[in-house]
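Asks: Dock chain B against the given chain A, drawing on the hints supplied.
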Amino acid sequence: MKTAEHPFRFVTAAYLTRICNQKARTLAELSRDLEACSDASIFYHTFQSLGRYHFLTEGFSNDFAQWVLASCNRAVLAEKLASLDIRDYLALAELRSDLRQLVDDYCRAHPQFAEQSAFEPFYFCEGIEVTVPLDREARTLEEFCEALRNMSNAAFQYHFIASRLRLHLRTNDFSHWIETELALPTLAKRANQIDIYTNTLDSGREKLLSLAERELAR
Amino acid sequence: MSTASPSTHVIRLDDYAPLLGAPEISQLRALASRLQGRTMQMVNSTAMGGGVAEILNRVVPILEELGLSVKWDVITGGNDFWEITKAFHNALHGGPYDMPPESFEIFLAYNEQNRARMQFEAEFILVHDPQPVALIKARHDHSGHWLWRCHIDLSQPNPEVWKFLEPYVSRYDGAVFSSPAFARQLPIPQYLSYPSIDPLSEKNRDLEPEFVRGVLERFNIDPQRTILTQISRFDRLKDPVGVVRAYQIVKRYFDCQLVLAGGGATDDPEGEAVLQEVHQVAGNDQDIHLLNLPPWSAIEINALQRGSTIIIQKSLREGFGLTVSEGLWKKKPMVASAVGGIPTQVIHRHTGLLAHSVEGTAYQVRFLLSNPALAQRLGEQGHEHVREHFLITSQVRRHLTACLHLKNKG
Numbered sequence: 000m001k002t003a004e005h006p007f008r009f010v011t012a013a014y015l016t017r018i019c020n021q022k023a024r025t026l027a028e029l030s031r032d033l034e035a036c037s038d039a040s041i042f043y044h045t046f047q048s049l050g051r052y053h054f055l056t057e058g059f060s061n062d063f064a065q066w067v068l069a070s071c072n073r074a075v076l077a078e079k080l081a082s083l084d085i086r087d088y089l090a091l092a093e094l095r096s097d098l099r100q101l102v103d104d105y106c107r108a109h110p111q112f113a114e115q116s117a118f119e120p121f122y123f124c125e126g127i128e129v130t131v132p133l134d135r136e137a138r139t140l141e142e143f144c145e146a147l148r149n150m151s152n153a154a155f156q157y158h159f160i161a162s163r164l165r166l167h168l169r170t171n172d173f174s175h176w177i178e179t180e181l182a183l184p185t186l187a188k189r190a191n192q193i194d195i196y197t198n199t200l201d202s203g204r205e206k207l208l209s210l211a212e213r214e215l216a217r
Numbered sequence: 000m001s002t003a004s005p006s007t008h009v010i011r012l013d014d015y016a017p018l019l020g021a022p023e024i025s026q027l028r029a030l031a032s033r034l035q036g037r038t039m040q041m042v043n044s045t046a047m048g049g050g051v052a053e054i055l056n057r058v059v060p061i062l063e064e065l066g067l068s069v070k071w072d073v074i075t076g077g078n079d080f081w082e083i084t085k086a087f088h089n090a091l092h093g094g095p096y097d098m099p100p101e102s103f104e105i106f107l108a109y110n111e112q113n114r115a116r117m118q119f120e121a122e123f124i125l126v127h128d129p130q131p132v133a134l135i136k137a138r139h140d141h142s143g144h145w146l147w148r149c150h151i152d153l154s155q156p157n158p159e160v161w162k163f164l165e166p167y168v169s170r171y172d173g174a175v176f177s178s179p180a181f182a183r184q185l186p187i188p189q190y191l192s193y194p195s196i197d198p199l200s201e202k203n204r205d206l207e208p209e210f211v212r213g214v215l216e217r218f219n220i221d222p223q224r225t226i227l228t229q230i231s232r233f234d235r236l237k238d239p240v241g242v243v244r245a246y247q248i249v250k251r252y253f254d255c256q257l258v259l260a261g262g263g264a265t266d267d268p269e270g271e272a273v274l275q276e277v278h279q280v281a282g283n284d285q286d287i288h289l290l291n292l293p294p295w296s297a298i299e300i301n302a303l304q305r306g307s308t309i310i311i312q313k314s315l316r317e318g319f320g321l322t323v324s325e326g327l328w329k330k331k332p333m334v335a336s337a338v339g340g341i342p343t344q345v346i347h348r349h350t351g352l353l354a355h356s357v358e359g360t361a362y363q364v365r366f367l368l369s370n371p372a373l374a375q376r377l378g379e380q381g382h383e384h385v386r387e388h389f390l391i392t393s394q395v396r397r398h399l400t401a402c403l404h405l406k407n408k409g
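Chains A and B, in that order, are what the protein sequence lines are.
Read in order, the letters of the first sequence are residues 0 to 217 in numbering that gives the first Met the number 0.
Read in order, the letters of the second sequence are residues 0 to 409 in numbering that gives the first Met the number 0.
Keep in mind the hints are simulated off the structure, nothing from the lab.
Every value quoted in this text rests on a predicted model; they were computed, and no experiment measured them.
Be aware that one or more of the hints could be misleading.
Unchecked claim - Just the calculated beta-carbon pair ranges, DEER-fashion:
1. B:E269 x A:L208: 52 to 62 Å
2. A:S209 x B:T75: 51 to 61 Å
3. B:S142 x A:R217: 55 to 65 Å
4. A:R107 x B:G49: 46 to 56 Å
5. A:E141 x B:D205: 29 to 39 Å
6. B:K408 x A:S202: 35 to 45 Å
7. A:S202 x B:D205: 18 to 28 Å
8. B:N370 x A:A108: 25 to 35 Å
9. A:D87 x B:E379: 28 to 38 Å
10. B:H355 x A:R107: 26 to 36 Å
The beta-carbon is built from N, C-alpha and C at its ideal position, and this holds for glycine as well.
One chain only, chain A, in its complex shape (with noise of 0.2 Å):
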């Protein structure tokens, strides 16, 4: 089995959340403030719920789907919003304006929902990530998977969903390291197909696991 010439750093993550100004209390609002908002908050109201909620693993994809559901009861439209892939995003940019535009044709195909008020506002809040290198690093894919078997879900979270963004490509920082390092090409396309919608981060990283013990036993 191949040695990495450059090893898997593991790294933690937490989230200080802060509250922003933006209140969105109509479809309307929510247009506007989705138009306003940080990129911060776009990614902590989809990437980042998907880690919080993690363990929800039936209709729920993103804070907006939920609120336009919960609060607004709008079925439709909430349908519409959850069924955006964040894996399909390779910038926030593309991703706010395709949530802008799901609500804009919705308020357009049906103006007397626009303005009804929601049961709830919605309130627009950031993420700030604070890292923490641990003290463990991976060479070969055995060592990779005894430091899966022991990571934290706040981990499995940053390096599996949070690092779609940062790496810029449609993949996640394990199956980049299993191709590039590792040069897996299969386990890796097999373990960035792992579906973060329909997998809790425990039962994700069960099967990620899963899939390099069989690697190794090959």
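Replies: Frame of chain A; chain B shown alone:
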């Protein structure tokens, strides 16, 4: 599985590992590794009693075990000060402020006395709630990071009281609220941090089923039949009368019992009046159990929650409403009002069901009784939600993260 006998064991961080997993405890240690020997100071208004003191009594030892040096100071004051701060509290929740104009001077004089008596040398200073807010005047003496932790709902404060407090709040490096809905427009950064429950406390630790059954039988509650429960003080804002009316609607469709358990009806004249109102609405229904419990009933409340089929929190107004997290931690399906901090805990259709009226509450309860598999799933997801966000260890993680952020900012 634990028993119901009182625990004398000193709780250590590793005791949480069976509930959270060892990697999660390791993560706290990793975050704390960057803060070894750093100093933190907590300031609040009471050492015992009340939610803040309860949380600090657990958070401070854990932070110290993680290698921080934490000092906890409690401010002092005369009866006149506490009367004023009680009035502040009610006014900040949106009520009127009837104290004389000089009350503001008295408030500041006591803060000044405390400022003169206390040392503020820590790197991170967390001042809790309005009572000690003016201690920020000590800030020019050194360069620590000062945060104001507000545990109350400031969404609709009395303008007179807020106008007085706001200049002090604005001098902090940041304000921390329990919900985005509680925040204000301020010139300083505002952060979100939830209060928390301790899964190893008497109120939340695991109990033997026999003990739970014994407690139910002691209160003449039939463990074999459906039990709907609301745990709260007998307070109009908790709407116990509305809970009885919702139960009466459910009762037309399902055989069930109602338990309304809490305190406040003996030491509070209003509580006694509310209990009488509830008695009147309940009539002579033998399936309604009104339990006015003394303050030392944590384990009984734990057992009542664990023995329930569905837990209700039909508040008309709420702070954060940690009883919701207590119920969710016990994997109970929850029907709750969409007020205060409740929607943060009850994510509609994922960790429970939200309602906006008596009829809505009754409908959601009926819906869950008709769909036990869904009720179970909501309870399990609610448990996970609390495990991730509302346990004392999550609160420690947020403290560590805030310190690291402030340290990195310089």
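Asks: Determine which of the earlier numbered hints do not hold for this structure and return their numbers in increasing order.
Replies: none
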